[in-house]
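Asks: So you can see what is in the structure, the chains are spelled out below.
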Amino acid sequence: MNSERKRIITILVALCLGFVLLIGYLSYFQMFRAQAVRDNSYNKRLWINEDNILRGSIADRDGQVLVYSETRDGEAHRIYRYDNLYSHVIGYSLKDYGKSGLERKYNSYLVNANENTAINELINLINPSGVGNNLNLTIDHDLQKKTRELMSGKKGSAIAINPKTGEILSMVSVPDFNIGNLSENWNTVSENPDSPLLNRGTQGLYTPGSVFKILTAVGVIQNGLPEAIYECSGSTVIDGYTIRDFDESGHGPLNLEQAFAVSCNTYFADQAVAMGHDKLREIAENLSFNQKITFDLETSTSTFPKDSIGLTDLGASGIGQGRILVTPLNMLMIVSAVANDGYMPMPYIVESVVSPGGMRIDSHRSESRKVMENGEAQALKNMMREVVRSGTGTNAGISGVQVAGKTGTAENSSGKNHAWFVGFAPLDDPKVAVVVLLEEEGSSGGRSAAPIAREIISFALNSITN
Amino acid sequence: MNEGLINKAPRKLLFLFEILSLSLIFLYSWEGIQTETYVIAVGLVLLIYFSNYLLGRISKGDNYIFLIVCMLVSIGIIMIYRISPDLGLKQLMWLTFGIAMFFAAYFAVRYISFWGRLTPIYLLASYALFALTLIMGSRTHGAINWITISGVSVQPAEITKIVLVFLLAAFYGGDEKYRKIKNAEVYLMIVVYSFIGLLFLQRDLGTALIFFGVFTGLQYIYSQDRRLIWANLGLATVGGIAGYLIFDHVRVRVTTWLNPWPHINDKGYQITQSLFAISEGGFFGTGLGRGNPSFIPLSYNDFIFSAISEEMGIFTGIGIIMLFMLLVYRGFKIALSQENQFFRMVALGISMIFGIQSFIIIGGVLKVIPLTGLTLPFVSYGGTSVVTSFIALGILQGASEKRGRGGIGNE
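Residue numbers (the working numbering), protein chains in the order written: chain Z, 1 to 466; chain G, 1001 to 1411.
Derived by calculation from the structure, the hints in this document are not laboratory data.
Hints should not be assumed to be uniformly reliable.
Derived DSSO-like pairs (lysine-lysine); straight-line CA-CA distance at most 30 angstroms [as the list claims (entries may be wrong)]:
{"hint": "1", "chain 1": "Z", "residue 1": "6", "chain 2": "G", "residue 2": "1180"}
{"hint": "2", "chain 1": "G", "residue 1": "1267", "chain 2": "Z", "residue 2": "105"}
{"hint": "3", "chain 1": "G", "residue 1": "1267", "chain 2": "Z", "residue 2": "95"}
{"hint": "4", "chain 1": "Z", "residue 1": "6", "chain 2": "G", "residue 2": "1333"}
{"hint": "5", "chain 1": "Z", "residue 1": "6", "chain 2": "G", "residue 2": "1402"}
{"hint": "6", "chain 1": "Z", "residue 1": "145", "chain 2": "Z", "residue 2": "105"}
Stretch-level coverage of chain G by chain Z, calculated; a stretch enters the list once three of its residues show a Cβ under 8 angstroms from a Cβ in chain Z [said to hold, decoys possible]:
{"hint": "7", "region": "1016 to 1027"}
{"hint": "8", "region": "1203 to 1212"}
{"hint": "9", "region": "1305 to 1318"}
Nothing here was measured: the structure is a model prediction, and the numbers come from that model.
By construction, the Cβ of each residue, glycine as well, lies at the ideal position given by its N, Cα and C atoms.
I would like the entire structure built from these sequences, with the hints used as guidance.
Replies: As structure tokens, this is what we get:
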């Protein structure tokens, strides 16, 4: 009898523990997990709230409206005024397929559902057909048009930025899609092997090739060796593996500036081996490799191998080959740091959030982070100027403007090289920095990417005054 | 004693809750108010008040369990009415019938004395009910567990659950002659496992789990041969793994339990919709009529807990869990003070059904355990569920009254 009572109580305790577990999990879920679950774009409740609210509009830096909503026959319609132009910046907002771009990141502002305070709820109760907040972007609509025009027919990305403030002036990723009829074409677009939905500028990861030499050069300068003379014979053997130059006849004797201008592979491969993996990795990580970049749009993280790598790999890393992958946005931030005397600006695209009544609800404040010494930045500036003046990047030259830059031609598994150009202008007071990446272009950065960069820079310098 | 006074205070609280939530329903549907709203309001209050009053007069047993259940039923019916007035009215009808069956079951237990001597009948009845399901059953929501008799759909497994409790109690605590058969306990285990196997075939995993739980619980308390308990647990583990490997529908449950988000559009749809609802509610809920519980499939049935959490908040959700905990506690207390072996076991078995079933479905919709389709007793919509739950409660009510140690009969 006694053991029976004990066993009965054991079962009772077990059942009660089960219930306590449920209560504990329910409380935990509500406190720590619920917010993330609610914000899932598949949650139809988000849409229910939105049906009562006219989504805010989005305008460029001069106040030109790019997208807005209006009520037609009692139903809210989102009007995208420029079909393909902002497919990756503004993105889509579709009931069936969710949201992307700023429509996603700034959803709560656009539908005014951000502050779920009791007062807001009361206001929504009284006046349920509210109007969302508006966004003002840093994008220059004309430059955006120009950039897309230059990139049309290509695959890749081009971004222009104010290197001092981090304002994104234009951002294009191609191939793109027409937001206006995306719903009808969803299957064609989403199954396209060229992934038009991907924002290559912020989420595409690419082998950098020679544009990475900017980072290797930082190491050479920090080690105090920019003037040391190196004998280039056209190839170098590292750990039994030969790294060749583009021009196999050899560049002869050169210092850092000369090697940078002609993009000498053997020089930078040997320098990378000399400085070691830790040093190169430290420089890369300081410049946002392996670090999440916070931005108004989704970003991928550039990678530099974390574990120690073999000498051959290290030599390849010095010239941006090997296992390094970078996003165009990240390269642009690095170039901006050079242009901005060693301070890397945090890029941003939403300048301010303004209520329908015209009140500023949120506005962006420029931020930057010191990533290199002023002296190092000045030296790199001059070297990059030399690339465009007399080296591989002459196609980016504009008469009357001192353009600085670096080309890259990255070998990759596709067999067709990526063509890169990163640069800024004018040299003494940089107003614009650009990155142009042509994916699997099969041509050199100097030949195909530099001319596009030149046009973007030239247009930006002429049209953007503030 | 002032028993009456003690009983009256919680009864008043129950009415307060009903009046408050019914006024919310009135507010919510002010514009389209219909006669059915009055019917449900007046009907619910009168039904609950009258049956509590009646029970206080006729039973000297534990009158709290009925009060607890009335609270659960009230929350449930108000939520069901809010989701679908039609179903709400039907549920009220089922509830009326269920309470009638509660009294019927109570009197049957009180005045009939041979319940403990019917082991073979329970055995045959169980198999007959299974056979009925397999022959006449139709498949709904993945499980074949419904049969339709002259227009009324019935879930035989709900009845078999109670029969199982009687079978186990009669075997362990009724007349001894079946226990004296050589290896009787092994045969019993084979019988129970055959039930569980049949439930697997019907894809009724939730009920299979209840059968296993109730059997294991009673076996743990009463089995003479302790090795059999280990054999049972070992067999369950092997069976569970085999079930996972053999049955696709079992694997789906596990996949969507571990991570439903990649399958949000198909097999993970139900559970993610449930989580959306619960997360929407927060601690205090969106308010009755102000959420969107109809986004959840079967929101009035298996997922009623999520619907309640959305509109009444997880505090109400926690309240429901605590009510079940109290119900189980009272049930076990009834068992401990019941001197008659058979009825003690019946009380334990029924309390375990309530406890295990509510744990499985609440845990399922919260994604604590894999989701298996079950009703939340007394709260979910459903005729069979309401009626059989009230029958079980009526039996528990009967078991709460003092009986002679060995003899079976009334006081």
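Asks: Each of the hints needs a verdict: does it hold here or not?
Replies: Each hint, compared with the structure:
no. : hint           : result
1   : 6/Z - 1180/G   : 25 angstroms, holds
2   : 1267/G - 105/Z : 28 angstroms, holds
3   : 1267/G - 95/Z  : 20 angstroms, holds
4   : 6/Z - 1333/G   : 13 angstroms, holds
5   : 6/Z - 1402/G   : 21 angstroms, holds
6   : 145/Z - 105/Z  : 23 angstroms, holds
7   : 1016 to 1027   : violated (count 0)
8   : 1203 to 1212   : violated (count 0)
9   : 1305 to 1318   : holds (count 4)
Consistency note: the structure conflicts with the earlier hints numbered 7 and 8.
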